[in-house]
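K.L.:
Residue-level listing of the chains:
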Amino acid sequence: MSQSIKATQLQYVYDGGGRNLTALDRVDLDVKPGEFVSVVGPSGCGKSTLLKLIAGLLVPTNGSVTIGSGPPAKAQKLKNIGLMFQEPGLLPWRTVAQNITLPTEIAPNSSYGNQSNSDNTPKALLRLIGLEGFATYYPKELSGGMKQRVALARALAASPEVLLLDEPLAALDDITRTSMRYELIRICEYSNLSVVMVTHNLREAVLMSDKVAILTSRPGSTTATVTINLPRPRIQGIEDTLAFIEYEQKLKNLLSIGTETDIK
Amino acid sequence: MQKYFVGFMKLSSYTIPPTLALFLLLSIWEIWVRAANVPIYIFPAPSIIFTRLFQDMGFFLSHGMTTLTEALLGFILGATIAMTGATFMAHSRLLERSLLPIAVMIKVTPIVAIAPIFVIWFGFGSFPKILIASLITFFPVLVNGMSGLRNVDPVVLDLLNSLNASRREIYFKLRLPSSMPYLFAAFKISIPLSVIGAVVGEWFSGDRGLGSVIIVSHANLDMPTLFSAIFVLAGIGVALTIIVFYLEKKVLRWHDSSVIT
Chain A
2 MSQSIKATQL QYVYDGGGRN LTALDRVDLD VKPGEFVSVV GPSGCGKSTL
52 LKLIAGLLVP TNGSVTIGSG PPAKAQKLKN IGLMFQEPGL LPWRTVAQNI
102 TLPTEIAPNS SYGNQSNSDN TPKALLRLIG LEGFATYYPK ELSGGMKQRV
152 ALARALAASP EVLLLDEPLA ALDDITRTSM RYELIRICEY SNLSVVMVTH
202 NLREAVLMSD KVAILTSRPG STTATVTINL PRPRIQGIED TLAFIEYEQK
252 LKNLLSIGTE TDIK
Chain B
90 MQKYFVGFMK LSSYTIPPTL ALFLLLSIWE IWVRAANVPI YIFPAPSIIF
140 TRLFQDMGFF LSHGMTTLTE ALLGFILGAT IAMTGATFMA HSRLLERSLL
190 PIAVMIKVTP IVAIAPIFVI WFGFGSFPKI LIASLITFFP VLVNGMSGLR
240 NVDPVVLDLL NSLNASRREI YFKLRLPSSM PYLFAAFKIS IPLSVIGAVV
290 GEWFSGDRGL GSVIIVSHAN LDMPTLFSAI FVLAGIGVAL TIIVFYLEKK
340 VLRWHDSSVI T
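In order, the protein sequence lines correspond to chains A and B. Here the numbering used here is used: the first residue of the first sequence is 2, the next is one more, and so on. Here the numbering used here is used: the first residue of the second sequence is 90, the next is one more, and so on.
Read the hints as simulated data drawn from the structure, not as lab findings. From the three backbone atoms N, C-alpha and C, an ideal C-beta is built for every residue, glycine too. Just so you know, not all the hints are guaranteed correct.
What the hints assert, rightly or not - Straight-line Cα separation of at most 30 Å, DSSO-like style, residue types lysine-lysine; simulated pairs:
{"hint": "1", "chain 1": "B", "residue 1": "K92", "chain 2": "A", "residue 2": "K141"}
{"hint": "2", "chain 1": "B", "residue 1": "K277", "chain 2": "A", "residue 2": "K141"}
{"hint": "3", "chain 1": "A", "residue 1": "K124", "chain 2": "B", "residue 2": "K92"}
{"hint": "4", "chain 1": "A", "residue 1": "K141", "chain 2": "B", "residue 2": "K339"}
{"hint": "5", "chain 1": "A", "residue 1": "K78", "chain 2": "B", "residue 2": "K339"}
{"hint": "6", "chain 1": "A", "residue 1": "K75", "chain 2": "B", "residue 2": "K262"}
Claimed, not checked - To be clear about the criterion: a stretch of chain B counts as covered by chain A if any three or more of its residues have a C-beta under 8 Å from a C-beta of chain A, and this derived list gives those stretches:
{"hint": "7", "region": "111 to 119"}
{"hint": "8", "region": "262 to 270"}
To be verified - Selected chain A positions facing chain B (Cβ under 10 Å, derived; list incomplete):
{"hint": "9", "residue": "E36"}
{"hint": "10", "residue": "K53"}
{"hint": "11", "residue": "P73"}
{"hint": "12", "residue": "G90"}
{"hint": "13", "residue": "P93"}
{"hint": "14", "residue": "L103"}
{"hint": "15", "residue": "Y139"}
{"hint": "16", "residue": "K141"}
{"hint": "17", "residue": "L143"}
{"hint": "18", "residue": "A152"}
{"hint": "19", "residue": "R155"}
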């Protein structure tokens, strides 16, 4: 059962030795259960900060963020958060299988625990990401795309209800990136998770999301949200349809309003 | 079968060149000493040294064992205390700020000054030597340990925090394994230094160990014995270094830094 994510008038100020930097100012985000929402915006507009606030890794200076009915800290305890970054961040001394099971080794602090079903055993996850047979490989033997897929499997290992992705495909080459996009879509559609994905890439945002939230640059604030009404499941070829291109154009226009015309 | 042959060839390529070079060096030494008629009490020829060494193998091995034991015990003691200190200091900046300057002060005080003090305090037994060896080991392991414990992958740290991992879990699953390469770098420095520490300790006290052999033979101008002791020390040093490199290769198999040999 996936959960909703809600950010209300979120504000975050970096307090670095006397210098205050307002990273986010009045950010609102509304993710319904099972929705896939992308957050796009120029470099430095605070997208990663937003994600960290949702994950409970940072505490907001003002405003609130909730996952389901409680704060991120509660979701952390229930291990409801799946996290993926631009770098895979695998532990080099562990095999692929051991990396995937890392989240399940962390002791749950709540009596709720997590239902472990047959869907998220290491074997099932390896099959899901298409790396069956690689269980005993070490990270240094894998390509970039493979490492990211392992990172995705790891994010799903504790059966989270919420998936937070910070430019997960940015470090990949174009070909791998394109195929990974469709894999991610497939996995997210299948698991029915609530997803927030930060990305620079407008095509990616339109392709994968139900909604796209636009964040302006410093300080970051949500200026607009575009609902993507494209049919699901998203299949190959949808990027060439008129509707898709129109959405992409719309995002481009929305992003060039404001001081920053340069997306990246 | 072919795998063993390849392994043998590889091992030979690592051991044969330095052995040949050493042999060449010793030959030059031998020839020069004989040709220039250097007196035995100044610079003996390798042949004389090796004769002395093999004549009294038991003597040198027994003293060698003493020094080696003191060095290793000191190393283990120093490394354990240092690692414990590094663990606490890595988790607390206040602790680090308080204790690190003291560690530095200990480090910069030369052991040749500390050794006689320890002898006065702790007597002529093995303990002062073990203590000196542990003191020498302490600083490199402490500093490298702290670096290693702190220098972790921020992605994994964020991941573990998002799962509400405890500090203990983070320590054992992330920090400690991450610190292994740093620790081994410190060990490679500390182990030879521990041997030196034990020897220096023996200079100021005691009748056991290669350090005392050096002192006594020096007083008697017994150069062959002196050099034999030095050769045995060198042998110990090389053996320990090889062991550390081998262990490092096993433990850090996952690390992509190129280990020398």
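K.L.:
Are the hints correct? Go through all of them and say.
P.N.:
Outcome of the hint check:
1. Of the pairs offered as hints, the one joining B/K92 and A/K141 holds, with about 24 Å between alpha carbons and a cut-off of 30 Å not exceeded.
2. Of the supplied pair hints, the one linking B/K277 and A/K141 holds, its CA atoms being roughly 25 Å apart against a limit of 30 Å.
3. Distance restraint check for A/K124 and B/K92: the Cα-Cα separation of roughly 33 Å exceeds the 30 Å cut-off, and the hinted pair is therefore not satisfied.
4. Between A/K141 and B/K339 the alpha-carbon distance is near 16 Å, which keeps this suggested pair within the 30 Å criterion.
5. Under the criterion of a C-alpha separation no larger than 30 Å, the hint pairing A/K78 with B/K339 is inconsistent with the structure, at around 37 Å.
6. Of the supplied pair hints, the one linking A/K75 and B/K262 holds, its CA atoms being roughly 23 Å apart against a limit of 30 Å.
7. Against chain A, the region 111 to 119 of chain B contributes 0 residues with a C-beta closer than 8 Å to a partner C-beta. That does not satisfy the three-residue criterion, and the hint is violated.
8. Coverage of the region 262 to 270 of chain B by chain A holds in this model, with 4 residues showing a Cβ closer than 8 Å to a Cβ of that chain against a need of three.
9. Interface hint status for A/E36: violated, as the beta-carbon distance to the closest one in chain B is roughly 20 Å, over 10 Å.
10. Taking 10 Å as the C-beta contact cut-off toward chain B, the hint placing A/K53 at the interface holds, the least distance being around 7 Å.
11. Hint status for A/P73 relative to chain B: holds, with the closest Cβ pair at about 8 Å, below 10 Å.
12. Because the beta carbon of A/G90 sits about 3 Å from the nearest beta carbon in chain B, less than 10 Å, this interface hint is met.
13. The restraint placing A/P93 at the interface with chain B holds, with a minimum CB-CB distance near 5 Å, inside the 10 Å limit.
14. With 10 Å as the threshold, the beta carbon of A/L103 comes within range of chain B, its nearest partner Cβ sitting at about 7 Å, so the hint holds.
15. Taking 10 Å as the C-beta contact cut-off toward chain B, the hint placing A/Y139 at the interface holds, the least distance being around 6 Å.
16. For A/K141, the suggested interface contact is upheld, since its CB lies about 5 Å from the closest CB of chain B, less than 10 Å.
17. With a cut of 10 Å, the hint placing A/L143 at the interface with chain B is violated, because the nearest CB-to-CB distance is about 12 Å.
18. Hint status for A/A152: holds, given a least beta-carbon distance of 8 Å to chain B, under 10 Å.
19. Hint on A/R155 holds. Least Cβ distance to chain B is approximately 8 Å, under the 10 Å limit.
In summary, the structure is inconsistent with hints 3, 5, 7, 9, 17 from the numbered list given earlier, while agreeing with the others.
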